[in-house]
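Each protein sequence line maps, in turn, to chains A and B.
Heads up, the first sequence is in the numbering used here, so the first residue is 1 and it goes up one at a time.
Heads up, the second sequence is in the numbering used here, so the first residue is 178 and it goes up one at a time.
Derived by calculation from the structure, the hints in this document are not laboratory data.
Given the structure is predicted, the values throughout are model-derived calculations rather than measurements.
Please note that a few of the clues may not be correct.
[Stated by the list, open to error] Derived list of chain A stretches under chain B, where covered just means 3 residues or more per stretch with a C-beta under 8 angstroms from a C-beta of chain B:
#, region
1, 16-30
2, 39-49
3, 95-104
4, 120-127
5, 132-141
[Claimed, not checked] With a Cα cut of at most 30 angstroms, we get these calculated DSSO-like pairs of lysine-lysine:
#, chain 1, residue 1, chain 2, residue 2
6, A, Lys22, B, Lys231
7, B, Lys292, B, Lys231
8, A, Lys126, B, Lys292
9, A, Lys22, A, Lys126
10, A, Lys22, B, Lys292
Even glycine gets a Cβ: it sits at the ideal position worked out from N, Cα and C.
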Amino acid sequence: MERPTPGPETRPPPRSVMIPEKIARFLEQRANVAFAGTRSRDLLPLGHRVSGWRMGADGRTLTAFLPEPFSAGLVESLQDNGELALTVEDFPAHETYQFKGRYVRHRPVQGEDIAIVDRIRERFMKSMRAVFPMAPERTLGAFILRPALSVEFEVSAIYVQTPGPGAGARIMPPAEA
Amino acid sequence: MTRLPDEIRPVLDNGIPAVMVTCSSDGIPNVTVISQVYYVDDTHAALSFQFFSKTIRNVRENPRAYVRVWDMIGHTSWVLQLEFQHSETEGPVFDAMDMQIEAIASTTGMSGIFKLRAADIYRVVSVERVPYAEWTAS
């Protein structure tokens with residue numbers, strides 16, 4: 001008898017991984033821009049601008065802070081299938097990592113979240129000024145939007161996305177695992 | 178049939194990296210930063226295939242792609258839903274993109290790293306202009 005193929009929603013959740021110290025420092029000290037991806041039930045990819053992020057105390061979760069105009073379809077997709085990808089970059093150095101994982105919870109942002117985003121926004125503007133010295137302050141500042149929604153997810157894999165021959169390599173879990 | 182509006186053309190040429198989201202056939206989304214979205218005609222765009230192999234694999238399994246480009250001056254972004262059609266490794270689109278990639282690489286310190294391997298041609302499924310508000314103090 002033919003057995004039905006399990007769909008993506010029936011797949012056992014992957015195990016979470018610990019974010020390495022080097023990547024944690026990147027997230028907290030250098031990264032200045034991010035973008036998230038989800039997908040609908042019928043595998044339509046969706047993108048969401050991210051204003052900031054914070055690593056969980058256990059080193060296994062990340063929380064992304066998203067502005068309102070970019071969260072359309074996000075919660076629905078996450079509650080449907082839980083799949084989330086988050087790419088975080090240090091622009092213009094181009095050091096970039098992608099975090100993939102499973103949705104844990106969401107909530108409206110709080111004051112502490114906005115303070116984190118404000119620090120990231122300052123970092124972004126400082127980096128952009130080096131590349132676009134003539135750009136008006138308000139143009140650069142407007143790129144990082146005021147967040148409205150906080151989404152926490154458990155990280156199950158981390159990939160290098162820095163342009164070059166190593167792009168796409170998996171850092172966590174290590175290849176031999 | 179969805180057509181790219183004329184007003185998006187300068188945004189595609191502004192040199193600001195775009196973002197692309199794809200999804201594998203087993204449902205895992207993938208986000209990548211892309212240096213170029215090339216206007217082919219009013220119903221097609223080409224994306225540069227350099228080294229994002231997961232994206233390349235994904236669109237061959239599931240041809241749908243999400244791309245967002247930024248107009249920082251106009252405080253606007255554009256969302257494109259695309260469908261992968263085919264890949265070109267020679268011809269006028271490839272040559273034009275190759276030249277643009279070289280220019281982008283030289284202005285961003287990535288010469289020798291950015292290298293066009295193929296121009297992937299996508300049909301435009303939908304296009305939406307999404308303005309964003311400036312962050313004002315609460």
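Hint check results:
A stretch counts as covered by a chain when three or more of its residues have a beta carbon under 8 angstroms from one of that chain; for the region 16-30 of chain A and chain B the count is 0, and the coverage is violated. Counting residues of the region 39-49 of chain A whose CB lies closer than 8 angstroms to any CB of chain B gives 7, which reaches the minimum of 3, so the coverage claim holds. For a cut-off of 8 angstroms, the count of residues in the region 95-104 of chain A with a CB near a CB of chain B stands at 3, and the three-residue condition holds. A count of 1 residues in the region 120-127 of chain A with a Cβ less than 8 angstroms from any Cβ of chain B is obtained; the coverage claim is therefore unmet, three being the minimum.
Given a C-beta distance limit of less than 8 angstroms, the hint that chain B covers the region 132-141 of chain A holds, as 5 residues qualify and 3 suffice. For the proposed pair Lys22(A) and Lys231(B), the alpha carbon gap of about 24 angstroms is at most 30 angstroms, so the pair holds. Distance restraint check for Lys292(B) and Lys231(B): the Cα-Cα separation of roughly 17 angstroms lies within the 30 angstroms cut-off, and the hinted pair is therefore satisfied. At roughly 28 angstroms between alpha-carbon atoms, Lys126(A) and Lys292(B) fall within 30 angstroms of each other, so this suggested pair holds.
In summary, the hint linking Lys22(A) to Lys126(A) is supported, as the alpha carbons are separated by about 22 angstroms, within the 30 angstroms threshold. This hinted pair checks out: Lys22(A) and Lys292(B) have alpha carbons roughly 28 angstroms apart, not beyond 30 angstroms.
The earlier numbered hints that this structure contradicts are 1, 4.
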